[in-house]
Amino acid sequence: MAAGLAVLTRGVRGVARYFGGVLGADAYAKYLEHHRAAGHVDAPLTEREFWRDRTDRQDSNPQGRCC
Amino acid sequence: MAETPDQRRNASGERGVVATDPALPPTAIDEEVREAEDRKWTPGKIALWAGIALLGGLAWFMLAIIRGETVNAIWFVFASVCTYLIGYRFYSKVIERYITRPDDRRATPAEYKADGKDYVRTDRNVLFGHHFAAIAGAGPLVGPVIAAQMGYLPGTIWIIIGVVLAGAVQDYLVMFFSMRRGGRSLGQMAREELGVIGGTAALIATLLIMVIIVAILALVVVNALGESPWGVFSVGLTIPIALFMGVYLRYLRPGKVMEVSLIGFVLLMAAIVGGGIVAETPWGADIFSLDKVTIAWGLIVYGFIAAILPVWLLLAPRDYLSTFMKIGVIVMLALAIIVVRPEITVPAFSEFASRDNGPVFPGALFPFLFVTIACGALSGFHALISSGTTPKLVEKERQTRFIGYGGMLMESFVAIMALVAAISIDRGLYFAMNSPAALTGGTVETAATWVNSLGLAGVNITPEFLSQTAANVGEESIVSRTGGAPTLAVGLAHIMQQFVGGTAMMAFWYHFAIMFEALFILTAVDAGTRVARFMLQDSIGNFVPKFKEHSWRPGAWLCTAIMVGAWGAVLLMGVTDPLGGINTLFPLFGIANQLLAAIALSVCLAIVAKRGTFKYLWIVALPLSFAAVVTITASYQKIFSSTPAVGYFANNAAFSKALAEGKTEFGTAKSVAAMEAVVRNTAIQGWLSVIFVVLSIIVIATALLATARAFRNRADGTAVQDNEDPALPSRVFAPAGIIPTPAERELMAEWDKVPAELRFERGGHH
Numbered sequence: 001m002a003a004g005l006a007v008l009t010r011g012v013r014g015v016a017r018y019f020g021g022v023l024g025a026d027a028y029a030k031y032l033e034h035h036r037a038a039g040h041v042d043a044p045l046t047e048r049e050f051w052r053d054r055t056d057r058q059d060s061n062p063q064g065r066c067c
Numbered sequence: 001m002a003e004t005p006d007q008r009r010n011a012s013g014e015r016g017v018v019a020t021d022p023a024l025p026p027t028a029i030d031e032e033v034r035e036a037e038d039r040k041w042t043p044g045k046i047a048l049w050a051g052i053a054l055l056g057g058l059a060w061f062m063l064a065i066i067r068g069e070t071v072n073a074i075w076f077v078f079a080s081v082c083t084y085l086i087g088y089r090f091y092s093k094v095i096e097r098y099i100t101r102p103d104d105r106r107a108t109p110a111e112y113k114a115d116g117k118d119y120v121r122t123d124r125n126v127l128f129g130h131h132f133a134a135i136a137g138a139g140p141l142v143g144p145v146i147a148a149q150m151g152y153l154p155g156t157i158w159i160i161i162g163v164v165l166a167g168a169v170q171d172y173l174v175m176f177f178s179m180r181r182g183g184r185s186l187g188q189m190a191r192e193e194l195g196v197i198g199g200t201a202a203l204i205a206t207l208l209i210m211v212i213i214v215a216i217l218a219l220v221v222v223n224a225l226g227e228s229p230w231g232v233f234s235v236g237l238t239i240p241i242a243l244f245m246g247v248y249l250r251y252l253r254p255g256k257v258m259e260v261s262l263i264g265f266v267l268l269m270a271a272i273v274g275g276g277i278v279a280e281t282p283w284g285a286d287i288f289s290l291d292k293v294t295i296a297w298g299l300i301v302y303g304f305i306a307a308i309l310p311v312w313l314l315l316a317p318r319d320y321l322s323t324f325m326k327i328g329v330i331v332m333l334a335l336a337i338i339v340v341r342p343e344i345t346v347p348a349f350s351e352f353a354s355r356d357n358g359p360v361f362p363g364a365l366f367p368f369l370f371v372t373i374a375c376g377a378l379s380g381f382h383a384l385i386s387s388g389t390t391p392k393l394v395e396k397e398r399q400t401r402f403i404g405y406g407g408m409l410m411e412s413f414v415a416i417m418a419l420v421a422a423i424s425i426d427r428g429l430y431f432a433m434n435s436p437a438a439l440t441g442g443t444v445e446t447a448a449t450w451v452n453s454l455g456l457a458g459v460n461i462t463p464e465f466l467s468q469t470a471a472n473v474g475e476e477s478i479v480s481r482t483g484g485a486p487t488l489a490v491g492l493a494h495i496m497q498q499f500v501g502g503t504a505m506m507a508f509w510y511h512f513a514i515m516f517e518a519l520f521i522l523t524a525v526d527a528g529t530r531v532a533r534f535m536l537q538d539s540i541g542n543f544v545p546k547f548k549e550h551s552w553r554p555g556a557w558l559c560t561a562i563m564v565g566a567w568g569a570v571l572l573m574g575v576t577d578p579l580g581g582i583n584t585l586f587p588l589f590g591i592a593n594q595l596l597a598a599i600a601l602s603v604c605l606a607i608v609a610k611r612g613t614f615k616y617l618w619i620v621a622l623p624l625s626f627a628a629v630v631t632i633t634a635s636y637q638k639i640f641s642s643t644p645a646v647g648y649f650a651n652n653a654a655f656s657k658a659l660a661e662g663k664t665e666f667g668t669a670k671s672v673a674a675m676e677a678v679v680r681n682t683a684i685q686g687w688l689s690v691i692f693v694v695l696s697i698i699v700i701a702t703a704l705l706a707t708a709r710a711f712r713n714r715a716d717g718t719a720v721q722d723n724e725d726p727a728l729p730s731r732v733f734a735p736a737g738i739i740p741t742p743a744e745r746e747l748m749a750e751w752d753k754v755p756a757e758l759r760f761e762r763g764g765h766h
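Chains A and B are the protein sequences, given in the same order.
Anchor point for the first sequence: position 19 equals 19 in the numbering used here, and the numbering is continuous, going up by one each time.
Anchor point for the second sequence: position 634 equals 634 in the numbering used here, and the numbering is continuous, going up by one each time.
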């Protein structure tokens, strides 16, 4: 029973993570990962700054959505 | 960035050009191992593919040959899925082997341009969902519904075969070539490959095509919301919901995208339920019953404001909402069709398949069926999405087959499900809903009489049936609700109520369907206006440099106003058209979309030829020539046909003559003003067709010239310059498809052992 529940929780988490990825919810985590991996010395943007920057750049670089 | 000698591309080909880091495991599966794995047919594998082929064959047999009194919807699912699997497993691999020739030792832009923001390596399965959400919208939900006028078989064949040989090929090739060029847009590629004339023609054509596409999508929404207080209320509420989500994400809890999407979704459901309650009240019905012209003006004003507001406030949050709904709705639709398995009574070929005077859209099956169903079979608009965003996120070159080709197959499946939902409703009801008010008369009595007078086999509807259906879905009337969206909504409600909730839930499901279609379309309208505005700004910027500054307010506002004005004018023309709107404009939408596909395929043709692949050029030439023949024939008929219902100018002449003779009504136009409107509309539509087709012929011609030049250069040994980014060695590995092969699994295990500090690229460039 407990094992079944654990499998279920893992499954739900996996689905949630997948949806999050498709929506782009993990963008900040990926940015941090890149920042670390690329060996930057300066501090990364904070979460608030990152999302602000992200939408502000979309203002001048719009992405199409299809019909 | 430091260059190693091996990073140069050599002219002889792509094999063995990139030397990857010897300290790391291989970044690609060894060519021979992969070949061997691919070619090894174990008994289990043979049985699997034989099973798929047999099931698919049986399904096609049931749909195309047996065609009993009724046919079960499940055969549509089997026929499509089995054909997609075979196309994906065999045909896309031919394209991969002979045309794209991906090399996993090369870094993708997401790796060599990695910035953690725009260029980010993304898991292939996540990117598949992301790409799919970007390409799929209302298009595949609407076109097949309108095309159902001809019966189910022509549309089904075109959607399934068309995607395998044309649509998915286009998406895959554009994505791959854009990826090799650092994620360049279709316009930039056209300019590079086709030169100034071809490139400029492609740019102008794209701009005009976007105007038409946005206008007609908007027309679909207006038709679905006209005189529908419930729809207007709940769709209208999406604006404050999105604004709230935007503020929440910006100021309250930045980055909590999942959380805010869930909140938004719950609010959306509340808006649908609330709409039902409000529409019941006398004041609600009074305030929110708007006529189509008012809604169209509202949409135009909204479109302008939405396009100049910052992205974070409206566009980004609605995009989250729309993606969330998109995936949910499609899973729901698939589940419902598989569980309920409705019986289809529509004939394979209807009475209108062999005529050119159908009430839903005029014109003969060839070419008009092939332009009516664009999204789902071959959609040029995808080329704009497949170039640009997605290529910047691809992790490994080989994954483009899964994401590009596979993503489009998925959209095609959505189109098939929309078709099934639409044809599961009564045929008489279908024609009563999709024929213009000029024919049905607009009331249940006249509509029933008119539909019964069509002499369609098995069709006999009563006015009571029409009013009962309207009452079931919570609408005032469902007569002449053209545009495809309401029909799909009725079909979906019809299927879903057998699955969850029964007749009592029908109204909810109907408005749920209208809501998501409106949401997709509004997002496309917003994003389309913005993209078009930037294209216009950049074009004007070539003459007036100030316009290139994107942050220059007057320029941005002026260009936005021009674009909104352009699609707004076409929208108003469609809304007020005495001939019906959708039936005159929808072919223009399809032609525009397919012409864009022809342009994209032309660019691909030139690129493939420049790469020296002549033997397999037919893989690109086949869909290109089909798209070119279909759209040029359709345009030709729209321009030159002497049948007024088909030819814009023939109609124009007929109405002008009637006016000159002093008639006060003619055909479906009941006043002099309406007759004048027809004259004006047909002239505009006619000239638009002329401009589209001329521009596209220029693009196709320049592509053929570029191809011929590549062939000549090849023959006399002149070096061909290609426009790809230089090849850089990759430092990562990931499997190509959804399930890793044994060899890929082995290699992944090897990579797991690599110490973390070695695994990612250490940029020396910051």
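Treat the hints loosely; a few may be bogus.
Claimed, not checked - To give an idea of the interface, some chain A residues facing chain B are shown, with a C-beta separation under 10 Å as derived from the structure: (1) A6; (2) R17; (3) L23; (4) D26; (5) F50; (6) R52; (7) D53; (8) N61.
Stated by the list, open to error - The following residues of chain A were derived to be distant from chain B, with all beta-carbon distances above 10 Å: (9) A3; (10) T9; (11) L32; (12) P62.
In short, the hints are calculated from the structure, not lab data.
Every residue gets a Cβ at the ideal spot worked out from N, C-alpha and C, and that includes glycine.
Results for each hint:
Residue-level restraint check for A6 of chain A is violated (minimum Cβ-Cβ distance to chain B is 22 Å; threshold 10 Å). The interface hint given for R17 of chain A holds, since its Cβ lies 9 Å from the closest Cβ of chain B, which is under the 10 Å cut-off. At a threshold of 10 Å, the smallest CB-CB gap from L23 of chain A to chain B is about 5 Å, leaving the interface hint in force. For D26 of chain A, the shortest C-beta to C-beta distance to chain B is roughly 8 Å, which falls under 10 Å, so the interface hint holds.
This hint holds: F50 of chain A has a C-beta 7 Å from the nearest C-beta of chain B, less than the 10 Å allowed. Checking R52 of chain A against chain B: minimum C-beta separation of about 7 Å stays under 10 Å; hint holds. Below 10 Å, beta-carbon pairs count as interface contacts, and D53 of chain A has one with chain B at about 8 Å; its hint therefore holds. For N61 of chain A, the shortest C-beta to C-beta distance to chain B is roughly 8 Å, which falls under 10 Å, so the interface hint holds.
Look at A3 of chain A: its CB is around 25 Å from the nearest CB on chain B, clear of 10 Å, so calling it non-interface holds up. No beta-carbon of chain B comes within 10 Å of the beta-carbon of T9 of chain A; the shortest separation is about 16 Å. The Cβ of L32 of chain A does not lie farther than 10 Å from every Cβ of chain B; its closest approach is about 8 Å, which violates its non-interface assignment. Against the 10 Å criterion, P62 of chain A falls within the reach of chain B, whose nearest CB is about 4 Å from its own CB.
Comparing the model with each earlier hint shows violations of hints 1, 11 and 12; every other hint is respected.
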